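> Protein chains in written order, with my numbering: chain A, 1 to 429; chain B, 1 to 412.
If you're looking for bench data, these hints aren't it; they were derived computationally from the structure. Mixed in with the good hints there might be a few duds.
[What the hints assert, rightly or not] Within a straight-line C-alpha distance of at most 35 angstroms, the following computed DSBU-like cross-link-like pairs (lysine-lysine) qualify:
#, chain 1, residue 1, chain 2, residue 2
1, B, Lys171, A, Lys145
2, A, Lys150, B, Lys329
3, B, Lys283, A, Lys396
4, B, Lys171, A, Lys296
5, B, Lys205, A, Lys110
6, B, Lys43, A, Lys75
7, A, Lys296, B, Lys114
8, B, Lys283, A, Lys145
9, A, Lys57, B, Lys237
10, B, Lys281, A, Lys145
11, B, Lys283, A, Lys150
12, B, Lys329, A, Lys137
13, A, Lys408, B, Lys205
14, A, Lys150, B, Lys205
15, B, Lys281, A, Lys137
16, B, Lys334, A, Lys57
17, A, Lys296, B, Lys174
Source: prediction; values computed, not measured.
Read off the chains here:
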Amino acid sequence: MLNRATPPPFVVPQNFVIPLAVQYPLANGNILHAINTDDDALLKIDVFFAAGRIYQKQASVAALTIDMLFESTQKRTAMALAEAMDFYGAYTDYSVRSEWASVTLYTLNKHLASVLPYFIELLTLPAFKEDELELLKAREIQDLKVSLEKNSVLAQHEVSRQVWGENHPLGMIPSIENYNLVTRATIQAFFDQHYTLGDAHIFVAGNLFEDTISVLTRAFAIGEKSGLPLKKTEMVLSETASRVFVQKPNSLQAALKVVRSHVARTHPDYNDTQMLNLILGGYFGSRLMDNLREDKGYTYGVGSGISDYSFGSQWSIGTEVKNSAKDNAINEIFIEMERLTKELIDVDELNVARNYLLGQVLRSLDGPYSQLHYAETVELNNYSYELLYAGFERIKTVTPADLLVVAKKYLQAKDWLVVVCGSEESTRT
Amino acid sequence: MINFSRFVLDNGLKVIHHFDGSTPLAVLNVLYDVGSRDEDPEKTGFAHLFEHLMFGGSVNIEDYDEPLQLVGGENNAFTNNDVTNYYIQLPADNIETAFWLESDRMLSLAFSKKSLDVQRNVVSEEFKQRYLNQPYGDVWLKLRPLAYTQHPYQWDTIGKALSHIENASLKDVKAFFKKYYAPNNAVLVVSGNISFDRTKELCEKWFAPIASQKIPLRALPQEPLQQAARTLRTTSKVPADAFYLAFHGVKRNHESYYTMDLLTNIFGLGESSRLYYALVKEKQYFSNFSCYHTGSFDEGLIIFSGKTMAGVSLATAEAAVWTEIEKLKKEGCKAEELTKVKNKTETSHIYEMMNLLERTIALAFAEVQGNANQVNEELQHFNLVTREQIQTFATLFLTKERSNTMYYEMAL
């Protein structure tokens, strides 16, 4: 008779290999970083520019500049450009983060030589037409109005204001007034300063034939390397963490954000706090998920994570809860934090988290695009591979006592900012 | 080309095996042939609520998630109008844990009162978070009943109303399980770095002992051919007016499905698409515009939708959409346009199939509709579509009499 009560035996993944990107030098002194896979017909090309929000002097400039790359170029209209790239089945994508802006091209290998000139054109020869900028701003304002109806967005804006202040580039909140202040000249200047292809970080993943590489290295060897120094910003630790309430009448749910400034990935405590974060709210089996969702049914979900900057990180917990349960939910979040500062984590609980995270590492290294992501993280942040391997090793060895030490250091209620966006007069202070 | 093998256990469970030796991972996916279209009109949202309860412990295993996390695995599930799908992704060495967990909850659930109470709350919060407390979140709750008068696609997966979820009883839950959760109503796909022999052996060990059930034949009310245009005006506290135009399309298995898909892409995929260009860039009536279809197993919807720019009336915007539709019906599409959307489809298909989990789920969806090999035949079908077929399809399906128009207006 089959025994269904006893779990089957298992092994924990122990060995991880981060594939190294191959570096191809370009004629202008830049480098192409490549992850070669055997049988993938699709190429992914990522181009990173030091053009994130941290470099802007005015809200939304970084985002509008990259948006405008997909409008008309000096050679052809936006429609003609889109049509030319779409014809070959290419897809483009882009993102602006705090420090980096990136543009991505997906194309089948067989169309690379046809598509690439258009891609290079959009990166290097934007026309920045006045009428297109005005229309883009009008569309963005429309989208912004929709976003401003969302409690979670309002709460996130308040977090940025509190953590950075409105004069800091990362604390500048998009608003209708701010959009209207952005001019064509501002965009052009931001582009000229931050979008030099010679300074870009260029990555490709896919089945790289000799032809593929030579097409890519030739196409990207334009523009000079200027060696513009990267702007370093100090992390502003909010000394007086506080509670802020944002009123949004008739909310069925309240959005909660509980946030602190945190150490950089290179800090000796970083890896242990990643494990602590996982146990607190970082996965489905976390204490906050158990408490707020599975035990009390306050929410559809709660999450906690650490987002990295080159100069530090931000640790944040976020959830949307039944409006009437918002005070209780905040209480429970701090109860769970405090418990981690007072009691040793049970070894079984730690082992579940540990093994889950090791499985996660295995998943994060699977497939060409995940491998590309590792190569990019290392290159853009100047991390060593040793740092990443040490992080994997630490998952295997960290103990409940180690976690208690970092919990006492980083999970003190006084260091955390609470932002609530929901209905009614105020939360407790 | 996705290689796979197929076998059926004595209890009726269909199994697909797909080997990929390039990954250290494996995926186990169970698709149950039940979705919100199978629900009682008085108890909607049930298939989805039930999906939540599947994580509340099974007959021999108290906790579903923890043993999986302990072996480095991850899982999730989703429900749509047609099916309910559960998947586990884990280190291939530990695949047996996935067999153990999935087979036990197919055998029977724990049916705990506490689990039902909590998940009713969780789903209520999901209802609020995704449908009620979001601008435009309730669009589908309004559009479905407008477009469908008979077919159960008239309600969304989350259900018609919060009360249906709040009233669910343990008795209802047990009856639902007995009716639909059986090996002969499911497709199991095992993929990744696991051999065929091992898959077969583990299927025999864990799933073969589960008894089959008598599954009711699906006899859904069919939607009659729409004879007259339907319209709805609704207001809500949103910052911009929005326009929705819906037509009935063809079933997923219909030979014209690929024509319908390419047609919607000609209208709405990317910045060079007809409607984006004409209505967003040229006329500047909309801040965004999309055209797509729901991809449902039964006759789904073809949707044209967008938010209008401030100062543009919905009537003006609507007339402009119709101008573009009529133009395509009259003149057809250009050869380059058709090549373009075929090329786009090829890229996105290859992109999706690069991912093990996506491949696995695609195999399950294709198999439950009768032919797992559809995943390999898809691109060929797209390639055969002609300009004439595009024009004919548009002429036949995109007519005033078969239109469902919704004005979603800002409350003043």
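> Below or equal to 35 angstroms on CA atoms is what counts here, so check Lys334 of chain B against Lys57 of chain A.
It is violated: about 46 angstroms lies between the C-alpha atoms, which goes past 35 angstroms.
> Take the C-alpha atoms of Lys150 of chain A and Lys329 of chain B, compute the straight-line distance between them, and say whether it is at most 35 angstroms.
violated (40 angstroms)
> For the pair supplied as a hint, Lys281 of chain B and Lys137 of chain A, confirm whether the alpha-carbon distance does not exceed 35 angstroms.
holds (13 angstroms)
> Is the hinted pair Lys57 of chain A and Lys237 of chain B satisfied, with a Cα-Cα distance of at most 35 angstroms?
Status holds; Cα separation ~34 angstroms.
> Given the hint that Lys171 of chain B pairs with Lys296 of chain A, does the C-alpha gap stay at or below 35 angstroms?
holds (23 angstroms)
> If you draw a straight line from the CA of Lys205 of chain B to the CA of Lys110 of chain A, is it 35 angstroms or shorter?
Given that 35 angstroms is the threshold and the Cα spacing comes to 46 angstroms, the pair is violated.
> With the threshold set at 35 angstroms, check whether the alpha-carbon distance from Lys283 of chain B to Lys150 of chain A stays at or below it.
holds (29 angstroms)
> For a C-alpha distance cap of 35 angstroms, please report whether Lys296 of chain A and Lys114 of chain B respect it.
Status holds; Cα separation ~10 angstroms.
> Check the hint pairing Lys283 of chain B with Lys145 of chain A against an upper bound of 35 angstroms on the C-alpha distance.
Judged against 35 angstroms, a Cα distance of about 21 angstroms means the pair holds.
> Holds or violated: are the alpha carbons of Lys408 of chain A and Lys205 of chain B at most 35 angstroms from each other?
violated (48 angstroms)
> Would the hint linking Lys329 of chain B and Lys137 of chain A be met if the CA-CA limit is 35 angstroms?
holds (34 angstroms)
> Hinted pair, alpha-carbon criterion (35 angstroms max): Lys171 of chain B, Lys145 of chain A. Please report holds or violated.
violated (45 angstroms)
Comparing the model with each numbered hint stated earlier shows that hints 1, 2, 3, 5, 6, 13, 14 and 16 do not hold.
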